Amino acid sequence: MLFSSFEFLFGLLPALLAAYWLARNRMDSRPAAQWVLLAASLFFIAAASILDLALLLASLAVNWLFLNALARLSAAPRRLLLGVAIATNLGFIGVFKYGDLLIETIAAATGLAFAPLNLPLPLAISFYTFQLIALLVDSARHNWPAPRPKIMALFFSFFPHLLAGPLLWFQEVRGALENLRPLQARTFVPAMMMLSIGLFKKAVIADSLAVFANDYFDRLEKGLTPALIDAWGGTLAYTFQIYFDFSGYSDMAVGIALLFGVALPINFFSPYKATSIIDFWRRWHMTLSRFLREYLYFPLGGNRRGAARRWINLMLTMTIGGLWHGASWNFALWGAAHGLLLAINHAWRGIGVRLPRSLAWAATLIAIVFCWVLFRTQTVGAASANFAGLIGANGIALPASYESLLAPIAQALPGIRFTHEGLVRLPEIALLSACAFVAFAMPNSEELVRRDGEGPLLRAWFGPAFCGGLGALGLMSIFEPVAFIYFRF
Amino acid sequence: MAFTAPNVGLALAPAAKARRFIAIWVLALSATWLALAGFTAFVDPYAFLGAPRIAGLNERKFEMAEFGRIAKLREVARRRPEAIILGNSQAEGGLRSETLARLSGQRSYNLGFLGARIEETEVAFQHAVRVAPLRTVVLALDYPAFEEAGARANLLRARAERRIVRELRDFVELTLSMKGFIAALRGVALNMLRRAPTHDINGNWSVREPTPIDDAAAPAKVLPPAESAYNAFAEICRTAAARGIDLRLVAMPVHRAFGLDPAARMIWLTRLRAIAAEYRFAIAEEGGDAAFNADKRNFLDRGHITVAVGDAILERLFVAASRRNPTSIQGDR
Numbered sequence: 001m002l003f004s005s006f007e008f009l010f011g012l013l014p015a016l017l018a019a020y021w022l023a024r025n026r027m028d029s030r031p032a033a034q035w036v037l038l039a040a041s042l043f044f045i046a047a048a049s050i051l052d053l054a055l056l057l058a059s060l061a062v063n064w065l066f067l068n069a070l071a072r073l074s075a076a077p078r079r080l081l082l083g084v085a086i087a088t089n090l091g092f093i094g095v096f097k098y099g100d101l102l103i104e105t106i107a108a109a110t111g112l113a114f115a116p117l118n119l120p121l122p123l124a125i126s127f128y129t130f131q132l133i134a135l136l137v138d139s140a141r142h143n144w145p146a147p148r149p150k151i152m153a154l155f156f157s158f159f160p161h162l163l164a165g166p167l168l169w170f171q172e173v174r175g176a177l178e179n180l181r182p183l184q185a186r187t188f189v190p191a192m193m194m195l196s197i198g199l200f201k202k203a204v205i206a207d208s209l210a211v212f213a214n215d216y217f218d219r220l221e222k223g224l225t226p227a228l229i230d231a232w233g234g235t236l237a238y239t240f241q242i243y244f245d246f247s248g249y250s251d252m253a254v255g256i257a258l259l260f261g262v263a264l265p266i267n268f269f270s271p272y273k274a275t276s277i278i279d280f281w282r283r284w285h286m287t288l289s290r291f292l293r294e295y296l297y298f299p300l301g302g303n304r305r306g307a308a309r310r311w312i313n314l315m316l317t318m319t320i321g322g323l324w325h326g327a328s329w330n331f332a333l334w335g336a337a338h339g340l341l342l343a344i345n346h347a348w349r350g351i352g353v354r355l356p357r358s359l360a361w362a363a364t365l366i367a368i369v370f371c372w373v374l375f376r377t378q379t380v381g382a383a384s385a386n387f388a389g390l391i392g393a394n395g396i397a398l399p400a401s402y403e404s405l406l407a408p409i410a411q412a413l414p415g416i417r418f419t420h421e422g423l424v425r426l427p428e429i430a431l432l433s434a435c436a437f438v439a440f441a442m443p444n445s446e447e448l449v450r451r452d453g454e455g456p457l458l459r460a461w462f463g464p465a466f467c468g469g470l471g472a473l474g475l476m477s478i479f480e481p482v483a484f485i486y487f488r489f
Numbered sequence: 001m002a003f004t005a006p007n008v009g010l011a012l013a014p015a016a017k018a019r020r021f022i023a024i025w026v027l028a029l030s031a032t033w034l035a036l037a038g039f040t041a042f043v044d045p046y047a048f049l050g051a052p053r054i055a056g057l058n059e060r061k062f063e064m065a066e067f068g069r070i071a072k073l074r075e076v077a078r079r080r081p082e083a084i085i086l087g088n089s090q091a092e093g094g095l096r097s098e099t100l101a102r103l104s105g106q107r108s109y110n111l112g113f114l115g116a117r118i119e120e121t122e123v124a125f126q127h128a129v130r131v132a133p134l135r136t137v138v139l140a141l142d143y144p145a146f147e148e149a150g151a152r153a154n155l156l157r158a159r160a161e162r163r164i165v166r167e168l169r170d171f172v173e174l175t176l177s178m179k180g181f182i183a184a185l186r187g188v189a190l191n192m193l194r195r196a197p198t199h200d201i202n203g204n205w206s207v208r209e210p211t212p213i214d215d216a217a218a219p220a221k222v223l224p225p226a227e228s229a230y231n232a233f234a235e236i237c238r239t240a241a242a243r244g245i246d247l248r249l250v251a252m253p254v255h256r257a258f259g260l261d262p263a264a265r266m267i268w269l270t271r272l273r274a275i276a277a278e279y280r281f282a283i284a285e286e287g288g289d290a291a292f293n294a295d296k297r298n299f300l301d302r303g304h305i306t307v308a309v310g311d312a313i314l315e316r317l318f319v320a321a322s323r324r325n326p327t328s329i330q331g332d333r
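Chains S and R supply the protein sequences, listed in that same order. So the first sequence is numbered by our numbering: it starts at 1 and just counts up by one. So the second sequence is numbered by our numbering: it starts at 1 and just counts up by one.
Quick caveat, the hints were computed from the structure, so don't treat them as lab data. Given the structure is predicted, the values throughout are model-derived calculations rather than measurements. Heads up, the beta-carbon is just placed ideally off N, CA and C, and yes, glycines get one too. Watch out, some of these pointers could steer you wrong.
With a cut-off of at most 20 Å between alpha-carbon atoms, the simulated SDA-like pairs for lysine to any residue come out as follows [said to hold, decoys possible]:
# : chain 1 : residue 1 : chain 2 : residue 2
1 : R       : K179      : S       : G455
2 : R       : K179      : S       : Q184
3 : R       : K17       : S       : P427
4 : R       : K17       : S       : Q184
Between beta-carbon pairs, the in silico distance windows are [as the list claims (entries may be wrong)]:
#  : chain 1 : residue 1 : chain 2 : residue 2 : range
5  : S       : G94       : R       : G50       : 58 to 64 Å
6  : R       : P219      : S       : A47       : 41 to 47 Å
7  : R       : R20       : S       : G94       : 50 to 56 Å
8  : S       : A393      : R       : L155      : 18 to 24 Å
9  : R       : L155      : S       : P356      : 57 to 63 Å
10 : S       : A39       : R       : D261      : 55 to 61 Å
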């Protein structure tokens with residue numbers, strides 16, 4: 001069940017709000033409110049698959065036992081048990097998510113035939129496994145007592161952040177979950193604003209882009225040789241799609257959690273305004289960046305063992321971070337490319353030369369766009385064809401329907417041809433331009449709905465009116481929902 | 001490292017404004033939705049609501065290719081024709097309701113559907129029987145239309161019977177949705193530009209792009225006829241006979257390059273003839289000979305006849321043939 005679906009927005013969410021209001025506002029019972037939220041979260045998972053629910057509960061049960069044991073042990077055996085617990089979690093995700101990739105890779109390398117496991121990918125496995133490992137590590141580090149089972153189950157199954165994050169630390173929302181607040185108008189306003197903005201980004205912008213981007217990349221996998229404009233059009237469509245899709249969904253998650261008084265951290269802060277790759281990773285999927293830093297980069301040694309080791313650590317962290325997105329080598333390649341860019345970025349900083357801001361922004365954006373090709377394409381052939389198109393190696397082609405209009409330009413510039421195959425026409429250009437304006441020039445959701453109550457949308461009547469309009473457009477667009485890109489990551 | 005911890009804090013609206021802000025938010029959301037849906041309803045791009053047609057604004061409907069089935073069911077109920085054409089795209093694009101009107105002297109409408117299976121055609125026929133004073137029906141029989149329809153027939157039945165849940169879902173999807181609104185905007189723009197829609201007001205698929213026929217192309221993938229399809233055909237014949245409807249049946253030709261197995265087609269046609277004969281109907285056949293089927297001038301593409309051939313078929317059905325004992329028009333061009 002997606003947040004941008006009819007069943008959720010007109011079914012589960014209103015029913016949950018009513019039940020929560022009854023439990024928390026009317027009966028004034030925190031435990032009852034917790035049970036209501038837990039039941040709704042478990043139903044949310046079960047609606048996808050009972051097996052997903054069973055696997056999550058099994059994983060939670062095993063980890064709760066580990067947490068109990070960790071709390072009772074002294075330092076040395078605790079470290080040993082922590083290693084076992086982490087290995088168990090990695091084994092769990094390894095079998096379900098990476099088992100087939102490993103088998104296929106070994107089969108390809110050795111020429112031997114192995115049967116794939118063909119196991120279904122459990123819902124949100126990457127998200128909750130990461131968060132469980134973080135909780136195990138922090139519990140062992142700080143000698144925390146094991147959390148209460150109900151609160152632990154509520155935290156990990158809490159549906160607003162279950163599917164696609166933000167990736168949370170248990171401690172950062174534990175208090176909010178233990179002391180659930182009554183529904184109140186003061187939190188409702190920014191919550192509905194975030195929900196409206198997120199729904200608009202996901203259902204109106206990202207889903208419109210998906211039609212174009214999917215068509216382009218499907219053709220690419222079937223052997224399309226894209227010319228310059230098509231290659232840029234298709235790749236930019238995906239560049240914007242993944243941003244609006246993921247950040248829209250994250251905004252919705254923040255808004256929905258806020259309805260119940262739970263403040264989630266933001267996940268995106270205008271990433272395409274970044275002026276360096278380092279800056280980009282401070283703005284893109286921020287909670288994942290935080291986890292990679294705390295539980296991978298620092299334990300590997302971070303930047304404390306010299307420049308060479310820092311670069312290796314960066315490459316390793318980002319490659320594993322890439323692989324976290326999906327069991328396919330193209331994700332690892334995407335992560336490695338970002339690791340390399342981060343290393344170059346650090347080296348560049350070491351030199352001390354500063355590019356003009358606009359040039360730095362353009363160079364960063366182009367690098368990011370090129371990396372998305374690795375993320376989106378499935379085969380080396382498709383990626384190569386796209387890169388060739390992006391640098392103009394396949395020539396420049398314009399839609400044949402514009403031939404009469406653009407003939408003078410074509411005559412002046414040799415190498416331009418007209419074709420019936422062209423994908424980028426005026427509607428696509430208009431859509432991409434609008435997306436570029438929003439991504440590059442507009443304030444982001446966090447800036448619009450500032451959490452201290454000082455955001456421009458919270459100051460005057462225009463704010464709720466604007467968000468109401470966006471919400472209406474979003475609601476009108478949910479009848480044919482396009483699957484959320486991160487849905488099965 | 002490049003990473004930073006995100007800001008965490010609880011968003012709060014100014015207390016005094018909160019309730020007013022919620023009211024404004026609800027009002028803006030409702031007003032926006034209502035305004036856009038109102039515009040969509042006024043334009044009625046799918047001919048779903050039967051809104052008045054205004055020349056240059058919403059007279060022509062441009063979404064018939066996707067939602068023609070709904071619109072046509074509604075149109076039949078509104079126009080109450082005495083004669084209809086039934087079938088799949090062969091009927092919708094090849095046979096003209098104007099020609100039928102001229103030949104039969106009755107108000108006519110083309111109730112063919114793109115890609116229709118015979119089970120859907122049966123639903124459309126039963127619907128037309130219920131809502132219109134039917135006297136004459138031309139049913140184009142096309143081999144690919146005898147694949148099993150599955151859920152499609154049930155969907156069309158729910159729409160024909162205007163079941164409340166289906167009706168609500170269609171209303172929401174076609175009127176309250178962004179898709180409906182964009183279709184309405186597009187409809188107004190194309191009406192103002194005087195563009196021709198894919199379907200004319202009489203239900204004919206009128207703007208069709210010819211596709212060059214490639215003799216070397218791989219044969220079309222067509223599944224063998226389903227038993228449920230034969231049953232649906234029998235039901236059409238039974239209802240027509242019981243109601244005294246003049247049912248004219250014609251087996252439609254396809255180009256040789258379509259790759260239809262002549263033996264399979266013959267088995268299919270023999271079975272249909274046997275069923276039709278039970279109710280004292282006969283099936284005319286156009287283009288059974290090799291020369292006709294090989295002549296590309298007769299076809300718009302390898303699976304569809306031209307309008308000229310369609311007109312000739314109707315002429316022969318009504319002029320040269322009688323209902324109960326039609327002359328075979330095989331090879332008679």
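For each hint, the structure was consulted:
1. R:K179 - S:G455: This hinted pair is violated, its Cα atoms lying about 32 Å apart.
2. R:K179 - S:Q184: Violated: R:K179 and S:Q184 sit about 35 Å apart, past 20 Å.
3. R:K17 - S:P427: violated (40 Å)
4. R:K17 - S:Q184: holds (12 Å)
5. S:G94 - R:G50: 58 to 64 Å: holds (60 Å)
6. R:P219 - S:A47: 41 to 47 Å: holds (44 Å)
7. R:R20 - S:G94: 50 to 56 Å: At 53 Å between Cβs, range holds.
8. S:A393 - R:L155: 18 to 24 Å: violated (48 Å)
9. R:L155 - S:P356: 57 to 63 Å: With Cβ atoms ~60 Å apart, the hint holds.
10. S:A39 - R:D261: 55 to 61 Å: holds (59 Å)
Going through the hint list in order, the structure does not satisfy hints 1, 2, 3 and 8.
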